[in-house]
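A.B. asks: The whole structure should be built from the sequences, with the hints applied where relevant.
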Amino acid sequence: MATRVGVSRNSINSIENGHFDPSLPLAFAIAEAFGCTIEEVFERDPPSS
Amino acid sequence: MPSPTRSRVLALAVIMVVPPIAILASIPWLRHQPDGLVFLLTGIAATLTVLASIALAVINDRQIDEWQRSNARFSSQWGWTVGAGMVALLLALPPVRDLIVSGAAVWGGTPNPDSRLVITTFTFGFMAVVITQAICTMLLSLGWHVWMSRDARDPS
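In order, the protein sequence lines correspond to chains A and B. 1 is the number of the first residue of the first sequence in full-length UniProt numbering; add one for each residue after it. 1 is the number of the first residue of the second sequence in full-length UniProt numbering; add one for each residue after it.
Calculated from the structure, these hints are not laboratory results. Honestly, I wouldn't trust all of these hints.
[What the hints assert, rightly or not] Derived, one-sided and incomplete: chain B residues facing chain A with beta-carbon distance under 10 Å: (1) W29; (2) Q33; (3) E66; (4) Q68; (5) N71; (6) D98; (7) I100.
[Claimed, not checked] These stretches of chain A come out as covered by chain B in the derived footprint (C-beta under 8 Å, 3 or more residues): (8) 19 to 27; (9) 40 to 48.
[To be verified] Pairwise CB distance ranges, derived in the manner of DEER restraints: (10) A:H19 with B:P34: 38 to 46 Å; (11) A:E40 with B:H145: 22 to 30 Å; (12) A:G18 with B:G103: 41 to 49 Å; (13) A:R44 with B:I21: 49 to 57 Å; (14) B:I21 with A:G18: 43 to 51 Å; (15) B:D35 with A:N17: 53 to 61 Å; (16) A:H19 with B:L139: 28 to 36 Å; (17) A:E40 with B:A46: 52 to 60 Å; (18) B:V58 with A:H19: 39 to 47 Å; (19) B:S70 with A:E40: 20 to 28 Å; (20) A:E40 with B:G143: 37 to 45 Å.
Note that beta-carbon positions come from the ideal geometry of N, C-alpha and C, so glycine has one too.
C.D. replies: Shown next as structure tokens:
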């Protein structure tokens, strides 16, 4: 995945673990790699009350 | 065969490291040279080192991804801040001050330098670095603000 979207494995690992929010272009690239839309891959954090 | 980028990085690293080492190694010879020549050679060395390090920073920045860039931003922002604070705190410790004075004695070729003068000069040098960094940071922040606030590109 990291190679396909042109970033490091650390980037993908941090995104998977929820420690790092990708930029919009990277989010699009990841969604495209999965053949999905951004909404299908990423979900919004619940608003903190 | 190394890639062009790798060769360029290696060449820049050599340009960055060799001049200060050459200056340090030639201190015994430089001591006997006129001030003008010493300032010229150290100025050339400093310029080469700074230009090479800037070029290396630009190359590195182009190669890293956004996670690594975020890491670099975090670590440099806090590293510079904490490092500057630590120098200010360390300067209050007598052993550190003695180390600076003894370093000045060895490298400056003066057996018994005025310790107050050495520490004052060191402090002024440190302040100059911090103030210059603060000014450059403000100017770059202003430039970034202006650049990012420019009009949208014509979609056609």
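A.B. asks: Compare the structure with each hint and give your call.
C.D. replies: Consistency of the hints with the structure:
1. W29: 46 Å, violated
2. Q33: Cβ of Q33 (chain B) sits 49 Å from chain A, so the hint is violated.
3. E66: 5 Å, holds
4. Q68: 6 Å, holds
5. N71: 8 Å, holds
6. D98: Where the cut-off is 10 Å and the nearest Cβ of chain A is about 43 Å from D98 (chain B), the hint is violated.
7. I100: At 39 Å from the nearest chain A Cβ, I100 (chain B) fails the 10 Å test, so the hint is violated.
8. 19 to 27: holds (count 4)
9. 40 to 48: violated (count 0)
10. A:H19 with B:P34: 38 to 46 Å: 58 Å, violated
11. A:E40 with B:H145: 22 to 30 Å: 36 Å, violated
12. A:G18 with B:G103: 41 to 49 Å: 48 Å, holds
13. A:R44 with B:I21: 49 to 57 Å: Hint holds: Cβ distance 54 Å, inside 49 to 57 Å.
14. B:I21 with A:G18: 43 to 51 Å: 46 Å, holds
15. B:D35 with A:N17: 53 to 61 Å: Distance hint for D35 (chain B), N17 (chain A) holds at roughly 58 Å.
16. A:H19 with B:L139: 28 to 36 Å: 33 Å, holds
17. A:E40 with B:A46: 52 to 60 Å: Holds, at about 54 Å.
18. B:V58 with A:H19: 39 to 47 Å: For H19 (chain A) against V58 (chain B), whose Cβ atoms are near 28 Å apart, the range 39 to 47 Å is violated.
19. B:S70 with A:E40: 20 to 28 Å: Because 25 Å falls inside the window, the suggested range holds.
20. A:E40 with B:G143: 37 to 45 Å: 39 Å Cβ-Cβ, so the 37 to 45 Å window holds.
Of the numbered hints listed earlier, those contradicted by the structure are 1, 2, 6, 7, 9, 10, 11 and 18.
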